[in-house]
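Chemist: Sequence order for the protein chains is A and B. Each residue of the first sequence is one higher than the last, beginning at 785 in our numbering. Each residue of the second sequence is one higher than the last, beginning at 785 in our numbering.
Don't take every hint at face value.
Because identical chains cannot be distinguished in the list, a pair is counted as satisfied if it fits within a single copy or across any two copies.
To be verified - With a straight-line Cα cutoff of 20 Å, these simulated DMTMM-like cross-link-like pairs (lysine to aspartate or glutamate) come out: (1) K847 <-> E825; (2) K999 <-> D918; (3) K916 <-> D1070; (4) K999 <-> E1066; (5) K824 <-> D1029; (6) K1035 <-> D1025; (7) K999 <-> E1086; (8) K1072 <-> D1003; (9) K916 <-> E996; (10) K1072 <-> E996; (11) K1048 <-> E1086.
In case anyone wonders, no lab produced these hints; they're calculated from the structure. Keep in mind that this is a model prediction, so the values were computed, not measured.
There are 2 protein chains.
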Amino acid sequence: MELNYGIIGTGAIGGFYGGFLAKSGKEVNFLFNSDFQHVKENGLKIDSSTGNFHLKQVNAYNKSEDMPKCDVVFVCLKTTTNHILKEMLPSVMHKNSVIIMIQNGLGIEKKLAKEFPDTSIAGGLAFVASSKIDKGHIAHYDYGSLTLGFYQKANDEVLNQVSIDLNNAGIECNCVEDLNLARWKKLLWNIPFNGVCVVLNAKTKELVSNEESRKLVSDLMYEVVEAANHCGAPLKTDAIDEMIDSTFKMKPYAPSMKLDFDFKRPMEIEAIYSNPVQEAKEAGYDMKVTSTIEKQLYFIQETYK
Amino acid sequence: MELNYGIIGTGAIGGFYGGFLAKSGKEVNFLFNSDFQHVKENGLKIDSSTGNFHLKQVNAYNKSEDMPKCDVVFVCLKTTTNHILKEMLPSVMHKNSVIIMIQNGLGIEKKLAKEFPDTSIAGGLAFVASSKIDKGHIAHYDYGSLTLGFYQKANDEVLNQVSIDLNNAGIECNCVEDLNLARWKKLLWNIPFNGVCVVLNAKTKELVSNEESRKLVSDLMYEVVEAANHCGAPLKTDAIDEMIDSTFKMKPYAPSMKLDFDFKRPMEIEAIYSNPVQEAKEAGYDMKVTSTIEKQLYFIQETYK
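Please take these sequences and the hints and turn them into a complete structure.
Modeler: Structure, rendered in structure tokens:
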């Protein structure tokens, strides 16, 4: 089955996955914002730890209305701009399109499903260290895998083909049955590190090097596990110590929320903090520590402008 | 009964209460650190909202060994230097001296009592906005009352006389039966405002003006009430809304811990956070939100040097 792809938001994530698919010969239609003119003239550059490449000509668009209908749409925007999807997506969708939300946090597909109740919607969890370092220029530092799972109106045939296409393009991709569990698993790292790095103005390494902040990271992880289990995601505590140790061994790293804060972009507080806190509360569990970080982040976002 | 007084630590608190007592004609012996020579030559100045005064000659000392024995000793150091008391106090004490710990937090008298098991030990809660603005120069902005209560070997006659002496000197002072309750009452304000002002780099007004940080302040207050009740202090939640409202009406205020942080002095994390968290834990209650702030403060103290 030959699929064509649309990338909504060609930044560190969309540029990376879309770039690899395009390089492997797939039809990929990229939506750009401010980089459009530059990419139209100069193409898209990917500096990857697996080898650099330059796509001299890419299907670049600056309006979704100009894009062709796509079998698979990767939504790679920040969750803070998801409110534009309701208007933007219909022009790139046909009846059987699969929308894949490659974003952090929780409650993302649920919100989209309210707006598109008859559409195949999946989620994607990107485990990749990459960033946009210049116009049409993505740097890939480490990792790269993608985990996919359906939220509504599963179309396994298409999702399996996406996985095959990505693997053929050199990206490790796997499909899971339980998207909810996959999202909570990712929150296990994102909830402690994203927000606390902002509140304490630190990188990951500092948080796990100091005894007290390491305890705070661990408290948050145990709380995420407890919340996940209340929300039907059978997450275990086994991974916690290893996850902290491996973060200690990583290069000092500024998580995406810390970068957003440093560059004065809106932070994904709702998706990464408020939605999990709210879902847990509805399931009868009070994420007290997470909710403390959540409130601090909102204060910081509204005050440090 | 005529009492003589010793002031261990003549700063914003010790200078204020000791200054008023000296002005009223009581014998007050002040221990100074770096201000000693200046006060010896120029005396002690108090700019008070109730009227300014200048004590041209005061009993100033720079070593406790040189001080006379005192009937009543006000300990007005920061809790972070309490480790020096074991060596320092004996020279100013006679058999019936009363030591009054005018400090913030919890567990202060307990620690001193281990070192001085046979001494009359009381606690004092200062409700005063004052600061040392220059050598031997204290500014008093607002409030001023002092609450006293015994921790061990109560000597009510002396404590009542202290209260009378202070009231005669123009200071509102009252004695309470339940020092533990008085300390938890004060923590109801200190736990939310001292630490969160440091973590979020804000003054009180900002914290209660922003919806999310105001919720955090409220969460912390409810947690303090719950902890207090587990620790035998029948604190009520009634005062919470009014306390937040009155803090909103106050001038923007930097609590003592925020000043300590800004001037790179050690913060009183142990007395204001760790001791309450620990006592509550021993009583079976986990102060999750307070403990989050505690860990953040230790990280900040160790990292932002």
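Chemist: Each of the hints needs a verdict: does it hold here or not?
Modeler: Verification of the hints:
Proximity of K847 to E825 under the C-alpha cut-off of 20 Å is restricted to the intra-copy arrangement: shortest distance 17 Å within a copy versus 78 Å between copies. Neither within a single protomer nor between protomers do K999 and D918 lie at most 20 Å apart by alpha-carbon distance, with minima of 37 Å and 40 Å respectively. Neither within a single protomer nor between protomers do K916 and D1070 lie at most 20 Å apart by alpha-carbon distance, with minima of 37 Å and 43 Å respectively. Taking the shortest alpha-carbon separations for K999 and E1066, only the inter-copy value of 19 Å comes in at or below 20 Å, while the best intra-copy value is 27 Å.
For the identical chains of this complex, K824 and D1029 are neighbours neither inside a copy (44 Å) nor across copies (57 Å), given an alpha-carbon limit of 20 Å. With identical chains, the CA atoms of K1035 and D1025 are at most 20 Å apart within one copy only, with a shortest distance of 18 Å there and 46 Å across copies. For the homomeric pair K999 and E1086, the shortest alpha-carbon distance between copies (15 Å) is at most 20 Å, but the shortest distance inside one copy (28 Å) is not. In this assembly of identical chains, the alpha carbons of K1072 and D1003 lie at most 20 Å apart whether taken from the same copy (10 Å) or from different copies (9 Å).
Neither within a single protomer nor between protomers do K916 and E996 lie at most 20 Å apart by alpha-carbon distance, with minima of 33 Å and 32 Å respectively. In the homo-oligomer, the alpha carbons of K1072 and E996 lie at most 20 Å apart both inside one protomer (18 Å) and across protomers (14 Å), since each shortest distance falls under that limit. Taking CA atoms no more than 20 Å apart as the test, K1048 paired with E1086 passes inside one copy only; the shortest distance there is 11 Å, against 27 Å between copies.
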